[in-house]
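K.L.:
In the order they appear, the protein sequences are chains Z, F and V. Here the numbering used here is used: position 269 in the first sequence is 269, and no number is missing along the way. Every number in the numbering used here is 332 more than the matching position in the second sequence, counting from 1. Every number in the numbering used here is 651 more than the matching position in the third sequence, counting from 1.
No wet-lab data here; the hints were simulated from the structure. Any given hint could be a false lead.
Said to hold, decoys possible - Listed below are the simulated DSS-like cross-link pairs for lysine-lysine, each with C-alpha atoms no more than 27 Å apart in a straight line:
| id | chain 1 | residue 1 | chain 2 | residue 2 |
| --- | --- | --- | --- | --- |
| 1 | V | 786 | V | 841 |
| 2 | V | 893 | V | 853 |
| 3 | V | 873 | V | 846 |
| 4 | Z | 38 | Z | 296 |
| 5 | V | 1159 | V | 786 |
| 6 | F | 421 | V | 893 |
| 7 | V | 836 | V | 846 |
| 8 | F | 421 | V | 829 |
| 9 | F | 504 | V | 841 |
| 10 | F | 417 | V | 873 |
| 11 | Z | 243 | Z | 38 |
| 12 | V | 851 | V | 786 |
| 13 | V | 873 | F | 421 |
| 14 | V | 851 | V | 873 |
| 15 | Z | 296 | Z | 328 |
| 16 | V | 1050 | V | 927 |
| 17 | Z | 96 | F | 558 |
| 18 | V | 927 | V | 829 |
| 19 | V | 851 | V | 1056 |
| 20 | V | 829 | F | 417 |
| 21 | F | 417 | V | 786 |
| 22 | Z | 136 | F | 558 |
| 23 | V | 836 | F | 417 |
| 24 | V | 853 | V | 1159 |
Spelled out, the chains give:
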Amino acid sequence: MTETKNAPFLEINDLKVEYFTKESVVHAVNGVTLTLEKGKTLGLVGETGAGKTTVAKSILRILPDVGARIVGGEIKLEGRDLLKSSEAEMRQIRGKRISMIFQDPMTALNPVQRVGDQIAEVIALHSNESAEAVRKRAEDMLEMVNIPRERYSEYPHQFSGGMKQRVVIAIALACNPELLLADEPTTALDVTIQAQVLRLIAQLRDKLGTSMMLITHDMGVVATHCDTVAVVYAGSVVEYGTKEQVFDHPTHPYTIGLFGAIPNMNVDERWLHPIEGLPPDPSHLPTGCAFHPRCKYATEACRTGEVPTVITPDGHQCRCHNTDAVLKGEGK
Amino acid sequence: MLRYTLRRLLWMIPIVLGVAILVFTLMTFCPGDPAQILLSGSATDEDIQALRDNLGLNDPYLVRLGNFLGNTFLKFDLGSSWMTKVAIKDEIATRLPRTFTLGIISLLISVAVGIPLGIIAAVNQGRLGDNIATALALIGASIPGFWLALLLILLFSVKLNWLPSMGIGGVKYYILPALTGCTYGIATLTRQTRSSMLDVIRSDYITTARSKGVSELHVITRHALKNALIPIITVVGTHFGMMLGGQMITETIFSIPGMGSYIIGGVNQRDYPVVQIGSIFLAIVFSLSMLVVDLLYAAADPRIKARYSQSAKRKVKTK
Amino acid sequence: MKTLTRRDFLKVASIGSASAAALLALASCGSKGGETAGSSAGTNTNTGTGTNASASTGSTASNATVIEDVQQAAAETVETESDILDELTIGMGGFYTSLAPVRNGNYQWQIFVRYLFDRVIYRTGDRRYIGQGAKEWSVADDGVTYTVELYDYITDAEGNPVTAEDVVWMIEESIAAKQKACYAKIDTVKVIDAKTFEVKMKSDVAENFEICMASTYLVARKAFEASADGFATASVTTAPYKVTEFVASNSCAMELRDDYWQKEELLPPELKNRVKKLTYKTITEVSQQQIALETGVVDAFASINATIVHSFEENNAYQVLSAPGAVGQNIYCSGHESRPIASDVNLRRAIFTCLDVDGLIKGAQDGRAEPMHDFVPRTSTGYVTKWDNEDYFVYNPEKAKEYLKESNYKGEALILSGGTSVQKVAQLIQGYCLAVGINIELQIEDQALLSTHANDGSTWDLALSNQGNGLINVWTNRFDNTAYAMGDAMSRHDDELQELLEFTWQVKNFTEENIDKVHKYIMDNAYARGLYLPFTITVQRADIPLTTPIIASSGEIDYPASAYTL
């Protein structure tokens, strides 16, 4: 049974975000357009510095006060533009309707506050319950993430990295948010813990029906946990579609390069196949298509002018001048 | 924690002993004959020698040191001032509270003004609020205390007649002296608070707090400030220690008979017992303040508390 | 366009606020001057007949007065019907650290000590010795045995009687404590009966006995021994005032007793008490002294620091009263054989005649002093009045140069030693000496350090020192060559002078003629000279209805003994 809404649950239109210092301006996000259906998971993939975290923080509007600026676009949650909401309205939303899991669990928790209290804080902010009830709910959350409730009164430094991340998850999910932004939740953890944590997130998400934006640079994670995928390069979405579409029919040269860079465990290879060149300096982006210096298929048109968003044969979006050439493999 | 506190208290003993011996030795070898000063000029050599014998000044150094340490620490006989014959215990009992009160009030003003100014500066970094707060701190650090004292007296005592210009009595006698002493404290606290807060505000857990929907005020006061406290507590602690010893100028200007004027008077007149006992008292009070500061660290940061307990336990385990 | 950086802002802000603060300070300063007088009921004080042609009054301001004849003032109050002042708060620059009677003599001649203790004999402002506890006393023919008869009804504030036994005990305690040098001169003391005792001095040097008796406080032994700290913080007094609050080194509040032991009609003018409540406050910081007067914290300030007096002149809300002080500024030449100056009388004369005392007074005392003609003020016991009209090392640089030529001076630097309080006058002296070709090197030290070698003439060529307490005191202290290991206070051994002194200071030989001989001897040899006598200046509110002030021996005004018209 499909549930169709008039407006998508989360809609990001042409978001532009800049970081600026006295000397230069960094164009972190350059016209990102995405949608997310209720209950689904969108994977945001790209290299470090592509602007993925910035997109997530812009949704919650927790970019740093100094030096960051949202210069254009809309972010609509069930039709309502968050960028036009007041700070007071945003405070209601943060932690309750939208919450975030951060990348580095070692620094994400307040070192001088008890772990249980940090969970209780978000609960208390968004409810009118008594202190005992709040505490009980916090303890329940601890158990939900497989931490014994007796450890409520301990401090973050008494926990391992994996457990800290579980606390962060507990905080994020404590108030049953409708949208969960998970920013590389397992990058800082051991491989063995990674699987655990991801499974936990998935379980909770299924149980609570939460929509999720999962930021990662691991294609494997995308494959396992996401419904739709957006590939981000230099602050814009270069390819966007369902998981199957993008994985089976990658169209953008960058996406193709990413898949190509994944070593094939079944074949005996001597060299890895990275994408040639380096990611661009975000304060001095190339003209036209940001990928053109590294692209086999680059033409004159790629160097100048707007890059169109085309629909590929199998129906997903790709931002490129030369999709035909790419699909045919006619590179130099 | 208890074991840690006890260990620190035990450590105070050699420290205080060390101060006692050091001050005693310095006074002994300092030029200037107390007997001559006591007998004010119109005395003959005989008189001076007789008084020296009387005061024990002609005994060898080690004998005198032994007597002094024995009397002070074993018998708790603090002796009397050679100049006034008043028991030092009594003088200190009346003077130390005054200096202490002055120090505490000064400290409270410094904290009440310095920390908020520092927070304002940090939160508004680079903008007008920061510039104003930092400028105020700069002024506070540059103004000499005695000059400020005279300005304050001219304004509040002479012109407005709101506050007394000197002396001791109720709380209002402490206000102008405290204001004189606190400018430097405000300046250092503002700068330290600003820099600690700036460090802390960029931290990830602050972003976490914001993402929970915590109001900006609580982000600053509950999350950021609590973490920024450690260096601030250090500044407050050393400042308090300085306050106790460094009130000399304030006490002179405002005619407050406190520890500062007592000890300096003793030094000028080579009144050995006063200087020695006074210094020991200051050493004790200073050590205790440092202990309190370290305990405050533990209260503010559980990681430090854990470290204290561990280090105390470790000594026991390795047997 | 260059944008203002933060550093620019900070620079501007700090300069701006510093200037603003300075302007604020200036604005606050300009508030005095031109204040109208409170009331004109208090007329200016009586100057008496000035006998002193060479006194420099130091000030011609309309509200400033110099009291020159202390004795006349006292005599006038005998007949004066005076009103009683309710209360008075007086500021002072020194501090009194304890009420204990057996302690060092610092401040014992300050006037407020009169309100703390009665003594056996009281020394007045013009240095007469009058009986206070003693009804009368006499000396035997041997010149050293004194018999003292006390009043037989002396009691302290608790009603304890003070008898000859108590006095003898106090003298013995004082001798044992060795805190006041005068007691070393007593040989024995014994009780004769309840109101009589006998004192035997070691030698019959003039004034020794009187000084000892004037240093002996009347204290009931019983009360003293009952006190935990020897009266240091709370005393049981025999004085007309009892201490209601004493904060050591800070303030002392006293109130007139109604059970004072002495009968009113027997009190001489110097011992009358016409103020009911008296409070003394210590203010050491000079600018605070001025503020204390201006804000009314004190009604009068005794021995106010000379540098701020001028701000009260021409201000009719205040009166400035100056009286000759008790301590004169003197300069001494070393007599130690290692110093060339010890054997070079012409060099000494050259130095003494190249000094312009008026210039020193102007430069170091702001004009508030008078030149001296010997080592002590003219009220001193033994002062020969005719000295005032004689030449005394008159300023004559040409003559000084002549003396210098005849001396053996080769241009070396002479060391001038002194304490920090005389730095200014030392620099001025250095200047005058340089003008005639004598090089002086200054050696200024803090009091404690100075005292270690002040009497060691081998460490200096010239020394600045101040003395009070009378001519005999100066002779025994400075010129008696048995006083110190190396000779006299200048490490000199002049046997002729010694003979002269030992002859003259005996009570029976202490005549004007003999004293003059000593004066001339020292002058001819230029061993030392007196420079100037600083005034003691009191500033008080003009509305205190003081009609006749009584001056104490320290030069301060004895407010309770003075006369008022309300």
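K.L.:
Next, verify each hint and record whether it holds.
P.N.:
Status of each hint after checking the structure:
Distance hint between residue 786 of chain V and residue 841 of chain V is fulfilled; the C-alpha atoms sit about 18 Å from each other, no more than 27 Å. Taking the CA atoms of residue 893 of chain V and residue 853 of chain V, the gap is about 36 Å. The hint is violated against a cut of 27 Å. A hinted pair counts as satisfied when its Cα atoms are at most 27 Å apart, and residue 873 of chain V with residue 846 of chain V qualifies at roughly 17 Å. Straight-line distance between C-alpha atoms of residue 38 of chain Z and residue 296 of chain Z comes to about 38 Å, which puts the hinted pair past the 27 Å bound.
Annotation: proposed proximity of residue 1159 of chain V to residue 786 of chain V holds, straight-line Cα distance about 23 Å (limit 27 Å). Annotation: proposed proximity of residue 421 of chain F to residue 893 of chain V holds, straight-line Cα distance about 25 Å (limit 27 Å). Simply put, residue 836 of chain V and residue 846 of chain V have alpha-carbon atoms about 23 Å apart, close enough for the 27 Å limit, and the pair holds. Distance check on the hinted pair: residue 421 of chain F and residue 829 of chain V sit about 24 Å apart at the alpha-carbon level, within 27 Å; holds.
Note on residue 504 of chain F and residue 841 of chain V: the hinted pairing is violated, with a Cα-Cα distance of about 55 Å set against a maximum of 27 Å. The hinted pair formed by residue 417 of chain F and residue 873 of chain V meets the criterion: a straight-line CA distance of about 19 Å does not exceed 27 Å. Distance restraint check for residue 243 of chain Z and residue 38 of chain Z: the Cα-Cα separation of roughly 16 Å lies within the 27 Å cut-off, and the hinted pair is therefore satisfied. As the CA atoms of residue 851 of chain V and residue 786 of chain V are separated by approximately 19 Å, the hinted pair is consistent with the 27 Å bound.
Under the criterion of a C-alpha separation no larger than 27 Å, the hint pairing residue 873 of chain V with residue 421 of chain F is consistent with the structure, at around 25 Å. Taking the CA atoms of residue 851 of chain V and residue 873 of chain V, the gap is near 25 Å; set against the 27 Å cutoff, the hint holds. Taking the CA atoms of residue 296 of chain Z and residue 328 of chain Z, the gap is near 13 Å; set against the 27 Å cutoff, the hint holds. Pair hint residue 1050 of chain V plus residue 927 of chain V does not hold up; C-alpha atoms about 58 Å apart against a cutoff of 27 Å.
Restraint check for residue 96 of chain Z and residue 558 of chain F: satisfied, since their Cα atoms lie roughly 25 Å apart, inside the 27 Å limit. Distance check on the hinted pair: residue 927 of chain V and residue 829 of chain V sit about 35 Å apart at the alpha-carbon level, beyond 27 Å; violated. Restraint check for residue 851 of chain V and residue 1056 of chain V: the C-alpha separation of about 52 Å exceeds 27 Å, so the hint is violated. Taken as a hint, the residue 829 of chain V and residue 417 of chain F pair is honoured in the structure, with Cα atoms around 13 Å apart against an allowance of 27 Å.
With a C-alpha separation of about 32 Å, the suggested pair residue 417 of chain F and residue 786 of chain V falls outside the 27 Å cut-off, and the hint is violated. For the suggested pair residue 136 of chain Z and residue 558 of chain F, the alpha carbons sit about 25 Å apart, so the restraint of at most 27 Å is met. At most 27 Å may separate the alpha-carbon atoms for a hinted pair to count; residue 836 of chain V and residue 417 of chain F meet this at roughly 23 Å. For the hint linking residue 853 of chain V to residue 1159 of chain V, the alpha-carbon distance of about 15 Å falls within 27 Å, and the restraint holds.
Checked against the numbered hints listed earlier, the structure breaks hints 2, 4, 9, 16, 18, 19 and 21; every other hint is satisfied.
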